[in-house]
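Protein chains: 4
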Amino acid sequence: MTHNIAILGASGYTGAELIRLIATHPSMTIVALSADRKAGMAMADVFPHLRHLSLPILQKIDDIDFSCVDLVFCALPHVTSQAVISNLPADMKIVDLSADFRLRDPDDYKKWYGKPHAATDLQSEAVYGLTEFYRDQITSARLVAGTGCNAATGQYALRPLIKAGAIDLDNIIIDLKTGVSGAGRSLKENLLHAELSEGAHAYSVGGVHRHLAEFDQEFSAIAGREIKVQFTPHLLPANRGILATVYVQGDAEKIYQTLSDAYANEVFIEVLPFGQHPSTRHVRGSNFCHIGAVADRIEGRAVVIAALDNLTKGSSGQALQNANLMLNLDETMGLMMVPVFP
Amino acid sequence: MTHNIAILGASGYTGAELIRLIATHPSMTIVALSADRKAGMAMADVFPHLRHLSLPILQKIDDIDFSCVDLVFCALPHVTSQAVISNLPADMKIVDLSADFRLRDPDDYKKWYGKPHAATDLQSEAVYGLTEFYRDQITSARLVAGTGCNAATGQYALRPLIKAGAIDLDNIIIDLKTGVSGAGRSLKENLLHAELSEGAHAYSVGGVHRHLAEFDQEFSAIAGREIKVQFTPHLLPANRGILATVYVQGDAEKIYQTLSDAYANEVFIEVLPFGQHPSTRHVRGSNFCHIGAVADRIEGRAVVIAALDNLTKGSSGQALQNANLMLNLDETMGLMMVPVFP
Amino acid sequence: MTHNIAILGASGYTGAELIRLIATHPSMTIVALSADRKAGMAMADVFPHLRHLSLPILQKIDDIDFSCVDLVFCALPHVTSQAVISNLPADMKIVDLSADFRLRDPDDYKKWYGKPHAATDLQSEAVYGLTEFYRDQITSARLVAGTGCNAATGQYALRPLIKAGAIDLDNIIIDLKTGVSGAGRSLKENLLHAELSEGAHAYSVGGVHRHLAEFDQEFSAIAGREIKVQFTPHLLPANRGILATVYVQGDAEKIYQTLSDAYANEVFIEVLPFGQHPSTRHVRGSNFCHIGAVADRIEGRAVVIAALDNLTKGSSGQALQNANLMLNLDETMGLMMVPVFP
Amino acid sequence: MTHNIAILGASGYTGAELIRLIATHPSMTIVALSADRKAGMAMADVFPHLRHLSLPILQKIDDIDFSCVDLVFCALPHVTSQAVISNLPADMKIVDLSADFRLRDPDDYKKWYGKPHAATDLQSEAVYGLTEFYRDQITSARLVAGTGCNAATGQYALRPLIKAGAIDLDNIIIDLKTGVSGAGRSLKENLLHAELSEGAHAYSVGGVHRHLAEFDQEFSAIAGREIKVQFTPHLLPANRGILATVYVQGDAEKIYQTLSDAYANEVFIEVLPFGQHPSTRHVRGSNFCHIGAVADRIEGRAVVIAALDNLTKGSSGQALQNANLMLNLDETMGLMMVPVFP
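Residue numbers (full-length UniProt numbering), protein chains in the order written: chain A, 1 to 342; chain B, 1 to 342; chain C, 1 to 342; chain D, 1 to 342.
Okay, chain A solo, but in the shape it has when bound (with noise of 0.2 Å):
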């Protein structure tokens, strides 16, 4: 038996990444790919790399006949989020790759979006979507916000840590380097080979890049009590891939004990032995992410080091886990192919 699956926003990288996945997925069928702009266009034209496959024509959004999908995946850029998914047949299972239902609180999103959410009963029904800690309320979710790919590298070093204790809530800092992808396959000047490429940046300096809202919302529910971190992303030369350097203080034995129980019997976060720490290029094109931890020479100072696929465990790839649960379906399934490399 198959699902029919729907993707919306099917000519961004998030969206080819969905289909690149889900081509190859042992239930899922695609039925129907939107691009309001590239209506009427085949995806071989839009994406070359997608040329052998067997898919439907690019539609509008409102020429797609939802009677006949079981699950649809939303890739679609914030704002625009809302007002599609409020349109959709009530029942519809939704999984949502914007940042529009990451956010529980409408004032959270006020502030850190710019402007009122619009559709805040469906916020509240959202679930957040990082899978190894949502696990039971996303397989009963209707709809599943999925996570900025920042934010799910940074929680997946930090949540079993602050949970147990085991570091100094007020003394985090995640200092991220990210492959281009994320900003997706938007026309800005500082996404251009030329600018980019041979060298490196910050961006969003000081407390202003919008996942922090994420950590906010998260590490203060779980420590029960404000948690603010400090965090610096910068832009690398490499397409796929983030890498979080997070400088915590506590003992760091105690901190790679902790992390390497908490994700004992996960899947796809693989604690790596004590002292060794991860490299982008080692998880690029999976659904894995690679955590390690060393002691720094500083007494009581560690440093906690995680890598995962922007596009894959960071977001089309979460976002496929997610549905799998959703559907009833082996949570990895579709999702085990191994890291490209070289």
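Calculated from the structure, these hints are not laboratory results. Just to be clear, a hint being listed does not mean it is correct.
Once the Cα atoms are required to be at most 25 Å apart in a straight line, the calculated DSS-like pairs of lysine-lysine come out as [stated by the list, open to error]:
id, chain 1, residue 1, chain 2, residue 2
1, C, Lys38, C, Lys60
2, C, Lys110, A, Lys188
3, B, Lys60, D, Lys188
4, A, Lys254, D, Lys228
5, B, Lys115, B, Lys228
Got chain A; can you put chains B, C and D on it based on the hints?
The following block gives chains B, C and D in isolation, referenced to the frame of chain A:
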């Protein structure tokens, strides 16, 4: 039912790529891995991207028990390969990825590889591994010789054209651009990131690249007379991918039609609509080969461009495709992964 | 004594490259910079790498006082360039970097650029800016037309050979690889890092690239009869650098000797020892062009390979070299910087 | 008048960078180049980008006649450097680029470099080569020790802040990203293009990188008490450039003002407007260091980011700046080249 697989030379890039592919293959199980200098090590320490897999410890070849092995992939350097394969059980199915069994004529081997072949009986037994053109022989073969990755790319562009007499056989130029992983994981100054990135250069200019031996052998056999092509490979600042730009003389539409007809039923060979041409990034990490034909402004001239991933369709993917045939499995089994873009 | 320089179109890559070069030029001072849409901005905000320089604020062209300007570099898009230059003072020395004045025949211009030339008098006055071959005319010119960067590279490889009759004029193929900065700082999807890095593809295949107009014009003029070459450009995942691999028919040693003799006294053109060939990374950031010639295994065939930096020798360095001549300065002034490697 | 220069260790990247800079220096002439294993070779064969220069043939050090040499740049590996410099004429001016003379305390040297220093007299004579902070001592020094490239970057960000007491001395974290050329031209698997491109990873995590010895020595000396910073370097898929993201506690505006005042008269140190931060690509190939300071959303926290080119300002440019001082030349001579972007 599963087939037991051994991979000899598992610490190189083609070895790692075989593991990547076979790890999710439904009818193969890796039971032995060799790497002489790294014997005793875990694959996770040699290739951390394989960390999540349960794989055998690396062994010396002599320590492998071949009695339970159904098929051997031999990813060793040439010369070494001859010696090792000579000592394998006489009825063992073998897919060799080295250059040792690609040339049928011992004199050719000596000319291009600089020393006499030491296993000429095996050489005469071996079937050339370009699957789409040697499918029947491969199915019943014991020993299959994987092609050169450049040689494969050029042949996909040219074999049907030579066979159909669609082009002038005395004016064929292959200008090829290849990623660096084709050179393997060897410590050479010209393979350092600082020497390679942000630039381009040709190598083996003037007709001295060894893959010419395969072009000579195969094209001459098809045409029934000696054919010599011009061939200039270039090294790209990229890890994976080969783009062969082939300059031919003939009617462009007939050339397109010939290619289109020849590959109409081939799963992995995609001929693009007339006038379009491929990019290496749209086949990355996959077993697909994209081919395009374009007419030149000069009457009677055309350009045929072929793109594939040197580690997949150019070597390890091809090897697995052949192994599937040799084990009477579906030829595409384990090989339908979608290209990884971006 | 210093010459006062204005640069029109200073917010693009060739404009920035002109500033880079002129900033340390001992006899030139930049007195005006234009960028219509960015008028009012400081260059440091448009190109932070120029931050340490004392430069004029960006202006609209109409706001520039040309009375104190000795020479204008015009780095505007074609069509715009025609209009702007028509309005400059009639005796102003001008080096134009656009395509507007490269072609001498108005019909050719219309054919390749799609609309009639609007300043045919200027077109007939302009001198083609390939310094080594138009030196005398450039010295006394008022308006010099910078060449296409691809066109320059191909011509350095071929002009002496065509003139000497050292090659078959009907069998010339230029397979060219170029870095992305040649496409400028424009917002196009195919110039995004995620679309370009880690791969290669051809473009303008089949004889439609506009730089062919320059090859046609120049090669035919040298030979005294129509010459048409085949030309396929490819986009590299690199910012700077052009590598032209030129396939010719003729005696390789004579070809080498012809090139070696032709450039014996040229400061910026380095002919490598016979059999060697160049790399783009060894000319990066400099005004040098490296050329090599190699014999093919096929009798009577040879490969000539030329490399230069598209932004320097291919455009802004060439422009400065020409300006030096026009101002009766030493031709090499400000241009002897060593290539930046690695 | 010109000064005669010898460069020992001319076959590495810092040696080549010295040649690049000195080739256009108006008051220096290279009279000798050493490279033991490549003695007898022409530089054009070792570094083809230097092809157009008239340079001495590579020699063994023992074959160099130092009687006509005014200053020696020693770009040899540490340990080797000690031995070689001990044998140079006693009054020879020397700029050493190795790690051998950076640490003043022999015990520190032994601790970080694993063996006793063999020339402790030279060690005590040597002046630490961070020009802006040791200018007077360098001017009169015979032996100057070039700093580590990472150490230079971190110090530019932090020295004025520590001196002014503008930050908490016990909570300094330096998260640094560096291009690969800093690791030299050595044949190591982790420096191969296929291992490095398209990704990122940390190295020497936990306080074991040797440049920490310089931070410890210098920061403690400034503060008058022991200071230990946390320091995590990361390897970027880029050839040149270091970006140091420094997390400090203190008033951001005061931090900005302190940096701005400290470097107000420094030609090569550019402090960006408050709230802005630098990119490595905007200093590439130049001797400039860009520094920015940004306030964090958490009261009392700030981020200081410094960028420089590891081969230029981080080593060979710094070395030349020091040599200029030692030879009573203008400090900036030969060093004003503009960064190469894109």
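To see whether the hints hold, each was checked on the structure:
Using a Cα cut-off of 25 Å, the hinted pair lysine 38 of chain C and lysine 60 of chain C holds, with the two alpha carbons roughly 8 Å apart. With a CA separation close to 32 Å, the supplied pair lysine 110 of chain C and lysine 188 of chain A exceeds the 25 Å bound. Taking the CA atoms of lysine 60 of chain B and lysine 188 of chain D, the gap is about 24 Å. The hint holds against a cut of 25 Å. Proximity of lysine 254 of chain A to lysine 228 of chain D is assessed by CA-CA distance (about 23 Å); at most 25 Å being required, the pair is judged to hold.
Between lysine 115 of chain B and lysine 228 of chain B the alpha-carbon distance is near 23 Å, which keeps this suggested pair within the 25 Å criterion.
Checked against the numbered hints listed earlier, the structure breaks hint 2 alone; every other hint is satisfied.
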